[in-house]
Structures are given as C-alpha cells and as structure tokens.
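All chains, full assembly: derive it from the sequences and hints.
Quick mapping for you: the protein sequence lines, in order, are chains A and B. FYI, my numbering numbers position 369 of the first sequence as 369, with every residue one higher than the one before it. FYI, my numbering numbers position 79 of the second sequence as 79, with every residue one higher than the one before it.
In case anyone wonders, no lab produced these hints; they're calculated from the structure. Treat the hints with caution; some may be incorrect.
[As the list claims (entries may be wrong)] Below, a list of computed lysine to aspartate or glutamate pairs in the EDC-like style, where the Cα atoms sit at most 20 Å apart:
#1 240(B) - 242(A)
#2 240(B) - 238(A)
#3 240(B) - 57(A)
#4 239(A) - 57(B)
#5 50(A) - 99(A)
#6 39(B) - 92(B)
Here are the chains, one letter per residue:
Number of protein chains: 2
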Amino acid sequence: MEYPQESFVATTFAPGSFWARRREVVRSQTLRHQLQMLKQTGRYDAFKLKWHPSYAEPPTIYPIPNHQFWDSDVAKWIEGACHLLMDHFDAEIDAAVKELVQMIREAQHPDGYLNIHYSVVEPGKRFTNLRDMHELYNAGHLIEAALAHHIYYKHDGLLSPILKYVDLLAATFGDQDGQIPGYPGHPEIELALLRLYKVTADPKHLLLARFFIEERGNPKGGKEKRHYYDVEAEARGEKKHDLPMYFPAARSFWYQQAHVPIVEQETIEGHSVRAMYLLTAVADLVQIYQPASEIGAKFLPTLHILWANMIEKKTYVTGGIGAMKKWEGFGVDYFLPQGTDEGGCYAETCAAIGVMMLAERMLQVELNSHYADIMELCMYNAVLTGMSLDGKAFTYVNQLASSDQDLSQRHEWFECACCPPNVTRTLGFLGGYLWSHSISHQSVVVNVHLYTSATLDLQVCDSTVKVTQKTDWPWNGDVEFEVDTEGPSVDLELRLRIPGWATSWEMTPRPNDPLIKDGYLFLSTEWLQNNSRFRLSCPMKPRVVRPNPLTMQPVAYVTRGPIVYCVEDVDHPWEDHHFKRTIFDPNASLREELRTEPDCFVAIIAENGAAGELDTSSWEGQIVAPSKNEAVSNFRDLCFVPYYLRANRGGRGQMRVGLRVL
Amino acid sequence: MEYPQESFVATTFAPGSFWARRREVVRSQTLRHQLQMLKQTGRYDAFKLKWHPSYAEPPTIYPIPNHQFWDSDVAKWIEGACHLLMDHFDAEIDAAVKELVQMIREAQHPDGYLNIHYSVVEPGKRFTNLRDMHELYNAGHLIEAALAHHIYYKHDGLLSPILKYVDLLAATFGDQDGQIPGYPGHPEIELALLRLYKVTADPKHLLLARFFIEERGNPKGGKEKRHYYDVEAEARGEKKHDLPMYFPAARSFWYQQAHVPIVEQETIEGHSVRAMYLLTAVADLVQIYQPASEIGAKFLPTLHILWANMIEKKTYVTGGIGAMKKWEGFGVDYFLPQGTDEGGCYAETCAAIGVMMLAERMLQVELNSHYADIMELCMYNAVLTGMSLDGKAFTYVNQLASSDQDLSQRHEWFECACCPPNVTRTLGFLGGYLWSHSISHQSVVVNVHLYTSATLDLQVCDSTVKVTQKTDWPWNGDVEFEVDTEGPSVDLELRLRIPGWATSWEMTPRPNDPLIKDGYLFLSTEWLQNNSRFRLSCPMKPRVVRPNPLTMQPVAYVTRGPIVYCVEDVDHPWEDHHFKRTIFDPNASLREELRTEPDCFVAIIAENGAAGELDTSSWEGQIVAPSKNEAVSNFRDLCFVPYYLRANRGGRGQMRVGLRVL
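Structural data, given as structure tokens:
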C-alpha cells in the first residue's frame, strides 16, 4: 500500500512547468491567503476553546452549526502547509503550523478527546449525533494532518496527541459491550485510520476503520438490532420529521451511503464527497487485505459496480460528480443538466478531489488506464477549476453552465470552507499522483499515470533510480523520458499510460512488439537498459465529444488532450444568455491558438462555430410547435478556453461547457 | 358570472356520442364503483363521527393524516352524483346521497362546525393548522356539494347546514379583532364561496373569499405583522425544521402559493392543484368585480403572467402540469422530463382538471380561443386518461413515459383519493364547458368552445333557443350546426372557436367577410337568420409536433386534432425498454386507421416509423464519446393510440408519448 500523501516526497516538479507553477502559487500565495482567512474568521484561534460570536449563529445548513468543520479546515491547511514547506521553507507558515499544533495539543481533553464544538458549544454531548455532526470527519482530518506533520517535522508533536485521541475512539466505537456501535455520517476517518495503520501497524487502527466500514448501513446493528442512526436519533429525542436540510424525507440515510450495508449498494447515491471518501477507504481496505482475500472478494465487486454506475451515468464531462444541490450529490441515472436553470449541476470541488483519490486507489488495486484517465480528467478540470490563477479565490460548486442566478465566479472563502484547503493539500502532494511504484530487492516497477515535467527519485537498496519526464503537457503530447541509475544496477521496469483520449501514440525509439495491457505500455528492463532516453508522443488535437444521449443533453463539448473547454462572455461580448441559445456547428474548423495571457494555454477558435441562435419563437405562448424551426444564421467565431481558466479574465460571469448542436 | 356547474343543465349530449358514452359509463359504473369504495374504506360512514381504525395510521404524507380528505371525497362524490342523477334517476345513488346528507347534517356541531378529523381525532384543535390540514379545502367541497345538491333536489337539505358552517367561518376568519387572519393551505373554499355568493348574494360570502385571496402570502399579516403560517406554527409549538414531506426546506410557502402575496408572484410555483384552484378563484373575483375595477386591475395582470409562464414553460403536451413529485407541482422553467427515470413527471389528474377550470374562467374574462384550446387539450388527454374505459380504474399521476419503477397502469382507488371523484364530477357537469352564453332581454350570445354532439337549450324571455351541434369529434372535424328558436324571435349571435391546432377550416355556407376575433368566428344574428343550418369543418390530420427545445427533450409527439398519442407495448410486443431507445422518424408516413375495439378511435400507424434503436455502446464505461454513433436500423411500424386510451388493452405497462428523434 502506497499513499500519494507519502510517496509524493520522491517527486520533484521541474521549475517553470505547468504544475510547478501552480504549486508555487499555492505555496507563495494560497497558503498565506488561507492562513489570513483562518485568522479572520476565527478558525485559527478556535482550538483555544474560547467562545466565538459565530457559534451563536443559526446553522445555514440545518442542523449543522456553521463552525462544525473548523477543526478540519485547520487540519487540511496544516496538511497542505507541511506538504508545501518541503518545497521551500517559509518562516511565517512554519510558525503558524507550530502555533496551531500547540493549540491543538492544549485543546485535548485529559482522556484524549479533541473537538472544538463539543468542547466549547455543547460540552457533554460528544458522540451523540454521528449522523449529522462532523466529529469523526474532523478526527480523520486531524489524523491526516498529523501524518503530514510527522513526515515534514519528523517528530510526534502532533501525531502523539492524535494517537491518544484515536485510542479513545478505538475504545469508544465497536460492537463490544459498552461501545457505541455507530459510524460517521461523513466518512473520512476510515481512510485516515488506514493511512495511520500503515505508519503504526497497530491493528486497532485497522480494525476501527474496518468496523466503521462493515457496520455502515447495518439495519440490525448493535444490541438493539436497529439502524444506528435511528437509535441515536431517538436518544437525542429527535422527531422523525425534524429533517436535516439535506434529507428529502425522513431517514434518507442514502445521503450518507448508509441506507443498506455497502456491499448491498448497487448505484452510487447521496452526498458525493462522502461517497468518494468512503469508497476510497473501501479500496484501501481491499488493497490492505488484498483483492483475493475474503475482505477483498467481499468489497471489490461493489467498488466496480459503484464506479461503473458513477462514470457511465452520473459524471460530467469535466469529471465533476453530483447534479443535486439539495444533498450535494448524485441524481438518478443520466440526470446531468448543465446548470441551475436547467434542473441542477453541483460538481463540488471536494467531490472531484475525492474521485481523484478513489481513482488513484483503484489503480493500486488494478492497473488500468481508465482510472488514470479519470484521475487526469478531474485534475485538469473539475479540481483545477476550483482555484483562481492567483491562488486566492475558489469555487465550491462547478457548474457546466452559468445562469443569472448562478454566475461563473470565484470567492475568497466560504462559510463551509472545505474546498479551498482541500485544493491546497491536493496540490501539495500532487507528485504522489503522477506515478506509483513497487520495489522488491534490486528491482523496481514504476507505473507512470500522469505526464508533466518532473523527476522521480527512488532509493532501491543502495542505488538511486531516477525517472525524469519532460513535456509541455497538457498543451503538447510529446513526453521525453530519461531513466538513470546511480549505484549498483537495478532492474527497472516502466509502464506508461496511453491516455484513453489519444487517438494515436508513438514511441521513439519504437519497441519491437510493444506490450500494452489495460492501457499501459510495458517497457521491460532489457529495453530500458538499451534505451535510457525515449519519447512518448500522444498527439493532442481538438475533439468534439458528446454526452450519452440518455442524458437528454443535445450538446457537444470541445476537448483537447485532457482539457475540457468552455466559452466565456469575456471573449464574446455579444453574448447575453449564458450561451444557452448559441448553436454550435460541430463541423466547424477548429484552430489552435497558443496564448500566454493570463497564463500559457491553448485556445481553440471555432471558425464560424456559432451557427446562430436558437429560435424558439414558434413556441411563444405554446406548449408544442410543429417543427423545430431553429433558424440558423449569424455565423460567428467561438473562442474556447480551458474550463479551469474560467472566471479569471473578467467578464460578466457567463460561461458554458456544452453548446447546443442541431 | 356563469359557472359550468350550473350552466351544464342547459346541455343535452346526443345519445351514443363520444362524451355521452363516457358520461353514461360514469353514471352507470363509476358512481357505483366509487360508492362501494367509499363504503369499503370507511369514508361513507365517517360523518357518523365514530372512530375508524385507519385514524391511527401514521400519515403517508407527513404530517397529513391519511383520512384528512375524507370529507372532500364524499363531497365530490355527492356533487358528481347530483350532476349525473339529472341524466337518469338511480334509486341506489339517490338513496346514498340522501343518507350521506343526513349523516352530514347530524355531524354538524351546534355552532355550525363540520369536519370529520377535528370532531373525532383531534377535537379542540380546529383551525390550528391551516397550512397543512385540509379543513377549509373540505369546507369548500362541502359548499360545492351543497350547491349541486340544491340544483338537483331543489331544497336546502344540504345547503342549509353548510350555510350555517359558512357563517361560522365568516365569523372566524378575517382581519377584525378576535378573528383568525389566516387562509387555507389548499385553496378551494375561495372558488366555492364565490359560487355560493352567486346563489346567496350574501356579501359576507364574497368578502370571506376576497379576504382569503388578498391576505394570502402577506408577510406582515394580522396583529403580529408576520406571515400567518409562522404565527400558527409557533402556536402549535412546531419546530422550524419539522418539515412536511412536501417542503424541501423550512418555510417553503411557495408550495402553497403563499410565499408572497398573489399579485407579487411572477412564476407559477408549488403544488399544481392548489395553484389552479387558487387562480380559478382569482379569475372569478376579477369577473365578479369586472376586469376594469380596482380588483380586476389588481389581479388580472398576475393571471396573465402566471398563465403564460405555466403554458409556455411548465406544461406537458397532454395539458398535464407539474414535473416534481415531492411537492406534486411545478419545477423550474422548461423542466419537463417525461418520466420518473428521467428526472420526474407528475401531471396529476386533479391538476389538469384545475387547468380546465382556470381556462374556462379565463374565457369568461376574455374570449380567446387559446384558453379553449388548452381546455380541450386537458379534457381529451390529461383528464380523460385519468379514468379507464370501464369507469372503474383511475390514475393519479399521468407520466408521459413509463419506467420499470412507474408502469403505466390504473388503480381502483387511492389512499389519497382526490382524483377519481374529481373526474366523476367533472364529467358530470361537462356540458357546462362546451359553451358559454349571455342573455340580455330578447337577445343571446353563445360562445361555442368545444365541439361534440349536443344541444344547448336556453330560455330567453318567453322563447326557447336551441343550438345543436352534431359531429364525430374528436375523430372527425366536421360539425353540423342547427339553430332554432321556439316562441317570439330572439337575436342570436354565435361565436365558434377555430381550434389552434387546425391548419385550415371551412364554413358551409361561407359567410361573406367572416369576422374572426381572438380565434373565434363571429356569426351575426342576420347571418344566422338566413343560415339556421351550417357546417364548420376543421380537418384533422396526424401532426408531428415538438416541445420547446429549451426543455432539452429531443423528442417528437404525434397528435391529431385535440388528441395526443402514445405508443404502448401491447401493440409492439418487441418492446422492452419503455420505448426509451426507440428512434422515431418524424418523416415516416402516418396512416390513420379507424378502430372500434375496445372503443371507437383513430389509431395512427407510422409506417417504418421506428427508425431503429438508440445505440449507446460508444458510451459504455465512458463519460463522453466522439460522435453520436446512433445506429439507425431495423425499421418497423409504430402504432400510435390516444394517450387517454393507454392501460386499457392489456400489456406490460410500457408506454411513451414523446419518442426520440435524431
């Protein structure tokens, strides 16, 4: 088991490259901006356990107090800071991490308990509402922060109190007498405990995660042989119809993927971030026990079923998931409208980060380029769009089309601020997503999932193996590789992902009988010994693609390599309807234009691509009309820019990814 | 002001004609079947005010007790029975009406109060939950039943206790000291009070309706200067988030069209039946005060705005309204999927009955064939589909496409049984929808809205004016008219609606310079004196029509005259996907076929109309794919039958109205 949050340390991004520049913005701008936000909003000092005026606010998302996630906001920032401090020491960030850790240590109860809300606002009520409150979710992020802190600072200053907290949790939760037979409404601690287990090898960390996963959704849980969320709701004296804002009806436990046990779930449902974090932990469990084990055989089929249902029927072209705002999650199969005014589109940034996490874990379970394709798709689109070029503004919801009620725009922070620090930490350990490897004695296998300019340094016994890739990805599909070993010779094997979007590819020099398996090109030790430098070329061309017709979206998308494009009003001053009535000619000639402002990117000009405006005058005052009558006229150029770049260059917030085709 | 529930008595349907046969089924079968259902379920005896075991059931639609509507179920049945007894005396029905009336009289409290639930189950809690409970809705239906009873039995046996109840209501509700400044969650009593006012001329009946209408949605109502639903919820000790099942969030008063005062509403929202009943009363108020009055000028613009919003953006091709199951009502503009598996379709039978009511009232406010077109559309499609040919099975929801989870099928009754007796009473007074008239001294104007074989007999001073139409409508567009006066001569003027769907029309003999105004052909007294027999021909041809492209429904519908067609698996044994993947060739040749089984109707055969099956294999495991790749092959005939006829001829419940076109 290898976690990108640990393995990333072996990766160095080439200065000036696409991701190096994004990470540099995060390191130099975002961390400081977010630190300022933590301070301004009260989060920074919250572990001092003093009253904050906002604690008295009525919840925006009933019944969750607005500050309920503050622990995790701080934890994710610490995690991101620790990752990025490795690139470059920053005294201000370092001092803030140290101060926060000190506050966290001091906030811990003598018995190990550690939570802001239940220490300050509702003392005595700990663990009484696992369904709605984010107590264990926060604990999970504290564990992940402690692991990152431990890697960077190389001491137990944060890990030690967190381990004490985990001891309390392990004693508290389980199926033994006197234990709480419950599990968190928002999964996160499961995957954190499994990561912790890798470091501690303490079986109680594994077993607690396994209990949370296996008990989830049990209709006959605990001594009472009832669903735990019913038991605890009754204990709280809650009325059945006192509905959390995200429950469309009483007992909507599918919101938390707890309507039935995980292995009985056949479609992906509910809150999309929760679903991804949960399945990531399930994939970890499968990997830890191994796919062929009883645990593996129990859970792997469910992972396949839910993944396939999600990708085929509930995922947007950007990699975004979740159409339904009310529960921040999945709708019925193929229900994927582009925006609020068409029935909904949510595609939360954190959810796409979750897809990346799950895809990466699935790649470890079974090497298949499909998972890496989706990981790359999310990274360049649904995730990257979540942060502005200057690193100081963010999105939470990532619709494919703006509307008057939901403009395409970013915000410097959110009341529920899960997404901004999640992007920060993800970019922090991004190197861990590029490749995975396994070392065995004097041999090493490296699977290259993603292409960018970066070097992987691996210690293999007494040797250092370096794999370097150099490319202008995602604008150019040529990747120059160099492999090098210092010290005694090492058997290196490489597997290069052939992207699913590539209509052709080429290797120079070309191996004889190249072996491709599940979308990876296998390069043998022998071949690499003779070819320490080589080039993979995956030509990038503008493509016009369409969603499954069952989505009822009569639109086409423009993509190029891994990048999904959109149109914005800033390039089309004539537009005033969010491109809702713009008819796109999918046969228009698509011209690439390399631009350098505000950043280097390839724009795509569809010459005469706007084939006109949708004419609905036949339907005025009518329910139906005899013919389509969709007058086509007024041909104009359309300028497509990467979706992640939206809302960075001014304009009125009008944007659309999928344009109507006739 | 003329109400179809009163004016229908002047109409006689020609025996054996389309509607005469439907009404005969209702009279001879449906009334008895529904009487049996009332008896079986406990509704019949409920006014005896004894405990019924079902009163202890948990509510299916929280927080509304399942028996909450029983008063209205009985009232609507009485109303329908009184209408239909006029056609043909039926001793069993007559005896049941008499027994029910006696029970109702005995159920009345000494102070006039009359309600099953608040007499038996929650005595002492009357008028404490106007928002959710159907107390005043029930009162409205009792008023309507009393009016029908009064017309048929010509005595006050039911009207008298109801007037006493209305006295209590008029004393209870209003803005005076000690009165309740509230209004019903489910409108109905408003339109009933306005009908009552026409009979009684008692200003307190008019003023109570006006208070309910004008106070509705007032954010600063009553002495407390707050929204009344907040005031009463607080008085009930209700928690803000104790959500009725139909509220997506706390204070979703738009569900009841009470989010803002009616005149501030700009889009039609919420529960569709409530919206229609409310606007029908508003149109009545405008008509009673006259459009040019202060009241008329206040409300008429809102009627226009909400009607236009509904018809253009929130109505199905069948005349059905409401896509959203959760609140049985309207979604966002243009959100009109065909079935549950595509995002929703509700189109409740009662709502379409409400559209007919509102359209009829708007025709009185302003004669425009557009309203009659919609009235006719609902009557032949969204309403008529609500009852089986044998009159003993019903639908509540009228989706445009079935799915595995929601088959196209009927039921003999419903726990919430509003629709079946609503169809019964509507067919009872159907004659009132055919035409409207106004008499002034020795002259009369008759507006003919709908065509069928029927005679209108009007007493004009000492003369009898007869207008007879004879036609095979809706299968043949030729209508033979005959006008005749017995007694002193009468100045008769006729206005014949030219249907919006008619691509041409002809009059024989043809008037010189025919005057058409707002879709009505005006026939002058002079012309009629010379032409007492004439023929209007509106050729009916199969048409292929489409929804507004902004609905994102890439489908076409087959219609013919006022009839909307569907396909059913019973005619296409090869179908197993609810026709979801069937591609329709809109250019297929459409052949009419007159059938006589199970009833006379015109089927439409699209020769080679099924151009193949949608092929989505390119999208297997994918989010997007390069091209449409929708293989077209396997041409087969499609047999279209009227939508109202669905689920009458066997089959597996697979049905679709809109077929996909490429």
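Each hint, compared with the structure:
At most 20 Å may separate the alpha-carbon atoms for a hinted pair to count; residue 240(B) and residue 242(A) meet this at roughly 8 Å. Proposed proximity of residue 240(B) and residue 238(A) is supported: the alpha carbons are some 13 Å apart, at most 20 Å. Pair hint residue 240(B) plus residue 57(A) holds up; C-alpha atoms about 15 Å apart against a cutoff of 20 Å. With a CA separation close to 17 Å, the supplied pair residue 239(A) and residue 57(B) stays within the 20 Å bound.
The hinted pair formed by residue 50(A) and residue 99(A) meets the criterion: a straight-line CA distance of about 16 Å does not exceed 20 Å. Note on residue 39(B) and residue 92(B): the hinted pairing holds, with a Cα-Cα distance of about 13 Å set against a maximum of 20 Å.
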